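Undergrad: Chain by chain, the residues:
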Amino acid sequence: MSAVLGLVEHDQGKLNEASLEMLTLARGVAQALNAPLEAVIIGAEEAQARALADALRPYGVAKAYWVRHEALRDYAPLAWAKGVAQLVQQRQPKAVLAAGTDRGHELIAHVGAQLGVVAATNCVEVRAQANGPWALTRLRWGGSLLEDAELKGEPKLLTVAPHAVAAEPAPSPATEGVELELELEAFTPELSDSDLVVRVVERVQAERKGVPLTEAKVVVGGGRGVGSAEGFKMLEELAALLGGAVGCSRVATNNGWRPHTDQIGQTGVQIAPDLYIACGISGAIQHMVGVKGAKRILAINKDPEAPIFQRADYGVIGDLHEIVPKLIEEIKKIKAGQAG
Amino acid sequence: MNVLVCIKRVPDTGARFELTPDGRDIDTRNLEFTISPHEECAVEEAIRLIERHGGGSTVLTLGPEAATEQLREALAKGIDRGVLLETDGSEWDPVATAQAIVEAVKGLEAAQGAPFDVLLFGNESADAGHYQTGVRVADALGRPCVAGIKALEVDVQDGTATAKREIPGGWEVYRVPLPAVFTVKEGINVPRHPSLRGIMTAKKKAIQRLQPPKPEMQLVKTRLRKPPERTGECEILGEGVEAVPKIVEKLKELGVI
Numbered sequence: 001m002s003a004v005l006g007l008v009e010h011d012q013g014k015l016n017e018a019s020l021e022m023l024t025l026a027r028g029v030a031q032a033l034n035a036p037l038e039a040v041i042i043g044a045e046e047a048q049a050r051a052l053a054d055a056l057r058p059y060g061v062a063k064a065y066w067v068r069h070e071a072l073r074d075y076a077p078l079a080w081a082k083g084v085a086q087l088v089q090q091r092q093p094k095a096v097l098a099a100g101t102d103r104g105h106e107l108i109a110h111v112g113a114q115l116g117v118v119a120a121t122n123c124v125e126v127r128a129q130a131n132g133p134w135a136l137t138r139l140r141w142g143g144s145l146l147e148d149a150e151l152k153g154e155p156k157l158l159t160v161a162p163h164a165v166a167a168e169p170a171p172s173p174a175t176e177g178v179e180l181e182l183e184l185e186a187f188t189p190e191l192s193d194s195d196l197v198v199r200v201v202e203r204v205q206a207e208r209k210g211v212p213l214t215e216a217k218v219v220v221g222g223g224r225g226v227g228s229a230e231g232f233k234m235l236e237e238l239a240a241l242l243g244g245a246v247g248c249s250r251v252a253t254n255n256g257w258r259p260h261t262d263q264i265g266q267t268g269v270q271i272a273p274d275l276y277i278a279c280g281i282s283g284a285i286q287h288m289v290g291v292k293g294a295k296r297i298l299a300i301n302k303d304p305e306a307p308i309f310q311r312a313d314y315g316v317i318g319d320l321h322e323i324v325p326k327l328i329e330e331i332k333k334i335k336a337g338q339a340g
Numbered sequence: 001m002n003v004l005v006c007i008k009r010v011p012d013t014g015a016r017f018e019l020t021p022d023g024r025d026i027d028t029r030n031l032e033f034t035i036s037p038h039e040e041c042a043v044e045e046a047i048r049l050i051e052r053h054g055g056g057s058t059v060l061t062l063g064p065e066a067a068t069e070q071l072r073e074a075l076a077k078g079i080d081r082g083v084l085l086e087t088d089g090s091e092w093d094p095v096a097t098a099q100a101i102v103e104a105v106k107g108l109e110a111a112q113g114a115p116f117d118v119l120l121f122g123n124e125s126a127d128a129g130h131y132q133t134g135v136r137v138a139d140a141l142g143r144p145c146v147a148g149i150k151a152l153e154v155d156v157q158d159g160t161a162t163a164k165r166e167i168p169g170g171w172e173v174y175r176v177p178l179p180a181v182f183t184v185k186e187g188i189n190v191p192r193h194p195s196l197r198g199i200m201t202a203k204k205k206a207i208q209r210l211q212p213p214k215p216e217m218q219l220v221k222t223r224l225r226k227p228p229e230r231t232g233e234c235e236i237l238g239e240g241v242e243a244v245p246k247i248v249e250k251l252k253e254l255g256v257i
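Note that the protein sequences, when read in sequence, are chains A and B. This note's numbering puts the first sequence at residues 1 to 340. This note's numbering puts the second sequence at residues 1 to 257.
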């Protein structure tokens, strides 16, 4: 029977969260079609593939394919996609899903190009049916808008937006009378040298300094209102006092005040701190989509009409250049008191 | 060397979206338009490549006549010529878009008697975010493609390019022979603003118009919706420096200090 295939991503033998979320959504698709859910593992050693397959089992995966090839050990987007496309041609699945990550998007794009089928990316909901087009909902504008769409073509190619569904194991995994080992079928694709032209030739580790934006509990963000690169010094001081990190809006990056790695938003990083302190940030959609994960937002802005106040939990109306230094002073006093 | 950069015209949305009454589109009546952010960086990268290595650059877009505004913007920054794949303004899915671009590239390359050494795209457009147009063009042309790059260096002697992609905790490095396709991410550079002289000369630069046939779409938008918004009032802690004690109190309450 035609299955629903999920392309899983792994890092050193561990499945990533986005893949488990994708499998959770894919399981619903498979159920709607009365089809088995099967997983595809690419570029692992055999023992790793075996371990991954067993880790997939609780998610309702009925079988895993291990796409193996000498040349597929490290990432090579076109070669990986050709492996998937050849498997698709042999097994004729109803749908192929990947996680909505950089790699998932790149792979599904190549798979789609090989098969001549479109891909619906960053889906949050999929209403599958056995015949005809599928109705689905996907993200637009980095999640600021939802799009209802109709997807034609066979097989259906989709990526699942990260955090759209929570990763959940299947409700009632059959435990008795079923083999505990998941069936793992090796599939060896035919690859030519030209498929391997694009591959990782080197990996460079980034130097790690301070608390990464994505992991910080407190983020102090600055925008147009900060006014200059020097203006960010006080935000850095405030962030340091609170054990947090500094971020910025696109205006700050485009003006050369901050490196792009500090940019929060649709084309930057997405943060999820306990508290986001937005200083001199108006609250443009592209920025706010990056702070959706923040538990609390405190906005400091001199314009009481700034849209940021509609999204913030706490607001202070005034000039950050006066407020922030005073705030730093007060916090220092408290810290000195605590130390004494 | 010869570089082609593909861009998309998108509304400059500001702080909130208003949808049209039928819910199918963003109401753009009060909005300006711009080049999608990743592609703004792709344009900058194209200009820098030509500044460094010499040669010529072309900017291409698929869209309505109004998209010439974005072509002119790229021309004002330093791209040599423009190509508009003119549509009626309706949305094309990524397969249709890629197909039209592939046909155009073949035509342009036949006319100039040589392939573009580098094709640049944005990693994904700000509005539709399909993440696949550049990859599809590359595969259809049989050229290597590195997606989502944040650094690019071309070795003209060697005829190769080295591209870097940011991954959690570091970078992946790719080295590919030219001609090749790259989709870039914002952060690869800081795009320049056009100079006054650039804006003047852009008016005289040529824009070629082509009308690609519109194929049947495989992915069709039926409606746009706003996701549920955060509800709840913003608690105003005060105005100016007088608010500082209240901020401190709140920070304590939240367990931050």
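Please keep in mind that the hints were generated in silico from the structure rather than gathered at the bench. Since the structure is predicted, the reported quantities are computational estimates derived from the model, not experimental observations. Yeah, the Cβ is synthetic: ideal placement off N, Cα and C, and Gly gets one too. Be aware that a few hints might be false.
[To be verified] Just a sample of chain A residues kept apart from chain B, beta carbon distances all over 12 Å, derived: (1) Glu70; (2) Ala167; (3) Gly231; (4) Gln338.
[Claimed, not checked] Pairs of lysine-lysine residues, derived as DSSO-like cross-links and limited to a Cα-Cα distance of at most 27 Å, are as follows: (5) Lys63/A - Lys94/A; (6) Lys217/A - Lys94/A; (7) Lys250/B - Lys295/A; (8) Lys302/A - Lys252/B; (9) Lys221/B - Lys152/A; (10) Lys94/A - Lys209/A.
Undergrad: For every hint, state whether the structure bears it out.
TA: Status of each hint after checking the structure:
{"no.": "1", "hint": "Glu70", "in the structure": "holds, 19 Å"}
{"no.": "2", "hint": "Ala167", "in the structure": "holds, 18 Å"}
{"no.": "3", "hint": "Gly231", "in the structure": "holds, 17 Å"}
{"no.": "4", "hint": "Gln338", "in the structure": "violated, 9 Å"}
{"no.": "5", "hint": "Lys63/A - Lys94/A", "in the structure": "holds, 15 Å"}
{"no.": "6", "hint": "Lys217/A - Lys94/A", "in the structure": "violated, 42 Å"}
{"no.": "7", "hint": "Lys250/B - Lys295/A", "in the structure": "holds, 14 Å"}
{"no.": "8", "hint": "Lys302/A - Lys252/B", "in the structure": "holds, 24 Å"}
{"no.": "9", "hint": "Lys221/B - Lys152/A", "in the structure": "holds, 12 Å"}
{"no.": "10", "hint": "Lys94/A - Lys209/A", "in the structure": "violated, 46 Å"}
Violated hints, listed in ascending order, are 4, 6 and 10; each of the other numbered hints is respected by the structure.
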